[in-house]
Amino acid sequence: MNVLETLLQASVLAAVPLMLAAVGEAIGQRSGLLNLGVEGVMLAGALVAFIAVETSGSFLAGLAAGALVGAVVGLLFGVASARMAASQIVLGLGIALAGQGATGFFFRERYGLTQPLLEPGMSRPISDLSEVAVVGPALFGHKWFVYAAWAGVFLIAATLRFTRAGLLLTATGDAPFATEAAGVDVTRVRVAAATAGQALAGLGGAALSIVEVGFFAPGMTVGIGFIAIALAMVGRQDPLRIALLALAFGVLRGLGPAIQLTEWRVRVEFLDMIPYIGVLVLVVVLGRRVRLPAALGVAYHREARP
Amino acid sequence: MGHLTRDIAVPLLAVLGAALIGVSLLAATGHDPLAVGEAFGRRVLLRGAGIEESAVAMGPLLIAALAAWIAARVGLWNIGIDGQVIAGAIAAATLAPFLDTWPRESMWVAVTVVAIVAGALWALLPALLRAHAGINEIVTTIMMTYVAFSLGSWLVEGPLRDEALVTPVTVAIDVGRRLPRVFDTRIHLGVAAAVVIVLLTAAAARWTSPGILSRLVGESAPAAHRLGLPVERYVVVAFLVSGGVAALAGVAEVLATRGAVQGDWRPVLTLPAFAALFLARQNVLALLPAAFLLGMLAYASTVLPRATDLAPDFFPMLEGVLLILLAVERWQRPERAQAPAERSI
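Protein sequences, first through last, are from chains Y and H. Position 270 of the first sequence, counting from 1, maps to 270 under this note's numbering, and the rest follow consecutively. Position 336 of the second sequence, counting from 1, maps to 642 under this note's numbering, and the rest follow consecutively.
One or more hints might be untrue.
What the hints assert, rightly or not - The following label-pair restraints were derived from C-beta to C-beta distances:
1. H:Phe489 x Y:Val222: 40 to 50 Å
2. Y:Ala151 x H:Val329: 43 to 53 Å
3. H:Val481 x Y:Arg288: 16 to 26 Å
4. H:Asp338 x Y:Gln115: 20 to 30 Å
5. Y:Arg267 x H:Thr311: 21 to 31 Å
6. H:Glu358 x Y:Phe154: 52 to 62 Å
7. Y:Thr163 x H:Ile503: 49 to 59 Å
8. Y:Ala151 x H:Arg467: 47 to 57 Å
9. H:Gly347 x Y:Ala151: 29 to 39 Å
10. H:Val419 x Y:Arg267: 40 to 50 Å
11. Y:Gly183 x H:Asp313: 39 to 49 Å
12. Y:Arg83 x H:Val329: 24 to 34 Å
13. Y:Gln115 x H:Val329: 24 to 34 Å
14. Y:Thr55 x H:Ala470: 42 to 52 Å
It should be emphasised that the hints constitute simulated quantities derived from the structure, not laboratory data. C-beta: ideal position from N, C-alpha, C; glycine also.
Could you build all of it, start to finish, from the sequences and the hints given here?
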């Protein structure tokens, strides 16, 4: 494979964890919940998935475990913020900190200073076509989970746009009082959205550890969870727009490894910076055109109807 | 429950709750909670040197918590404190070797001033975007921190590197020219300065007109605007001050703790700062005991792993649990929900 093919393939792969986490965060945001703890949830998903695969040998069990731990954290976040009206921002920061600490703690407790690696076991369903020039590896050379993730995002986009549940979700974030007047339990919708959304974030963490790299390291998300929050906002909570943005960030993340295959000598620190500067540029360029759910971050109190 | 009772009871209950969860986790992971508790008492809580080291560890946490408090005063979230700390540390480590011939007191002042400017500059972009484009500061400050991590590593491994050493580190300041210790303890002058700065901030917040008015901006920007206050200016200035204050934690690293910046140094102060801020229930004077408690945890995370075979991340995890418990108490009152603040990303 040449440099361009490597870059494109690595980009598509690197986009997956970010895309899942950002779409998950977007689901929560649509319901009116802003969860700043995605980074912690992704780390938890990454560690639990890694342990599950390492003990059971099954990637499916790993993915399920990652999604499950995300769902549990999402459920707790949803209950605390929607039912108990806890401050969403403080709660999110707490989840980020506890997630970083807990994953570091449990990883060291279990593995000490060793760094076990997983066998690359996941099948590549359409790799026969990956000989096609330039785009072949990027389109056809992936493990099955990459295709499943993209299919899932399209499915979520369709659900949000065309089903009653999707419309209720959006209505809950935009006009909670009107939605409640229409006979919908706003609190329940928000708890469900937080649970499902953070399950996706946990799955994103699992994708990072067991699909993309095959190991777990404390702090391995290096801000992807926070970038996911930014993409959910800038992508206006629309899964397809978020998926495209995630793909662009996959390219930015893939640039580092790709450039190191070339003759150019660029300091690795500058390559590391690119995604974060990318977010800043994106926010500056698109920030003013962003429209957020009207009730985002605001606790819902039935008795405080305007 | 009265205000004062609540202000004391809630943090105590949160600390107690976090401790209980910590004990259960210890038991669940096969550690002896009693042995860990005993080691904590013997090495941290009931030992003069343990208290002094905890106070040293408190210094940067207190400064970071104050930076978070200043931004929160005008209703902003400075989640990029770590980046501003790095900016301050790099500025200090860059300048200090050039002032070799200066008397050390003048060198401290010059280095501190330049570092404050560097920290404020690192907060400038998020501040301007927030004030003039309505762009939420949370995401931008976090991104600025990651940029600072990479830029700082590059500077320490490249232009600022001490060529005489194998590991990447900036040129160190001689021990004799670092901040002295106070009263024959392990506590250096920087920690004492941090306490004084907190007291001065409390006085300024209570007795100066910008200090009082900044509270109005934080409680209700639309109301402040209608009263004719320059809200944008308050937001920008408070954010720059917050960044400048945060940089002081970087100065302490260079002038006291290590005397230099190491290539892989990653301050982790932002989220603990918010744990201190909400433990103190956003009261600036209460930051002192709150930061001291977190300082004890920070010191414990350096000595207890050796004594009890406990992974150091146990203590950051406890801080996160504490922050979550405090968040549950900080519920949003119904009357707040009626006035959605001006929001954008």
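Evaluation of the provided hints:
At about 42 Å, the beta-carbon gap between Phe489 of chain H and Val222 of chain Y stays in the expected band of 40 to 50 Å. Remark: the range hint 43 to 53 Å for Ala151 of chain Y to Val329 of chain H is upheld by a beta-carbon distance near 45 Å. Checked against the given bound of 16 to 26 Å, the beta carbons of Val481 of chain H and Arg288 of chain Y, roughly 52 Å apart, lie outside it. Range check, Asp338 of chain H to Gln115 of chain Y: Cβ separation about 28 Å, and the 20 to 30 Å hint holds.
As the Cβ distance of Arg267 of chain Y to Thr311 of chain H is approximately 56 Å, the hint placing it in 21 to 31 Å is violated. A hinted range of 52 to 62 Å holds for the C-beta pair Glu358 of chain H and Phe154 of chain Y, which are about 60 Å apart. Between Thr163 of chain Y and Ile503 of chain H, the C-beta spacing of about 56 Å keeps the proposed range 49 to 59 Å intact. Separated by about 49 Å at the C-beta atoms, Ala151 of chain Y and Arg467 of chain H satisfy the suggested range of 47 to 57 Å.
Distance hint for Gly347 of chain H and Ala151 of chain Y: a CB-CB separation of about 56 Å, inconsistent with the stated range 29 to 39 Å. Distance hint for Val419 of chain H and Arg267 of chain Y: a CB-CB separation of about 30 Å, inconsistent with the stated range 40 to 50 Å. A beta carbon spacing of about 41 Å between Gly183 of chain Y and Asp313 of chain H agrees with the range 39 to 49 Å that was offered as a hint. The supplied range of 24 to 34 Å is met by Arg83 of chain Y and Val329 of chain H, whose beta-carbon atoms lie about 27 Å from each other.
For Gln115 of chain Y and Val329 of chain H, the hinted distance range of 24 to 34 Å is satisfied, since their beta carbons lie about 30 Å from each other. Our hint of 42 to 52 Å for Thr55 of chain Y and Ala470 of chain H holds, since their Cβ atoms are close to 48 Å apart.
Consistency with the previously given hints fails for numbers 3, 5, 9 and 10, ordered from lowest to highest.
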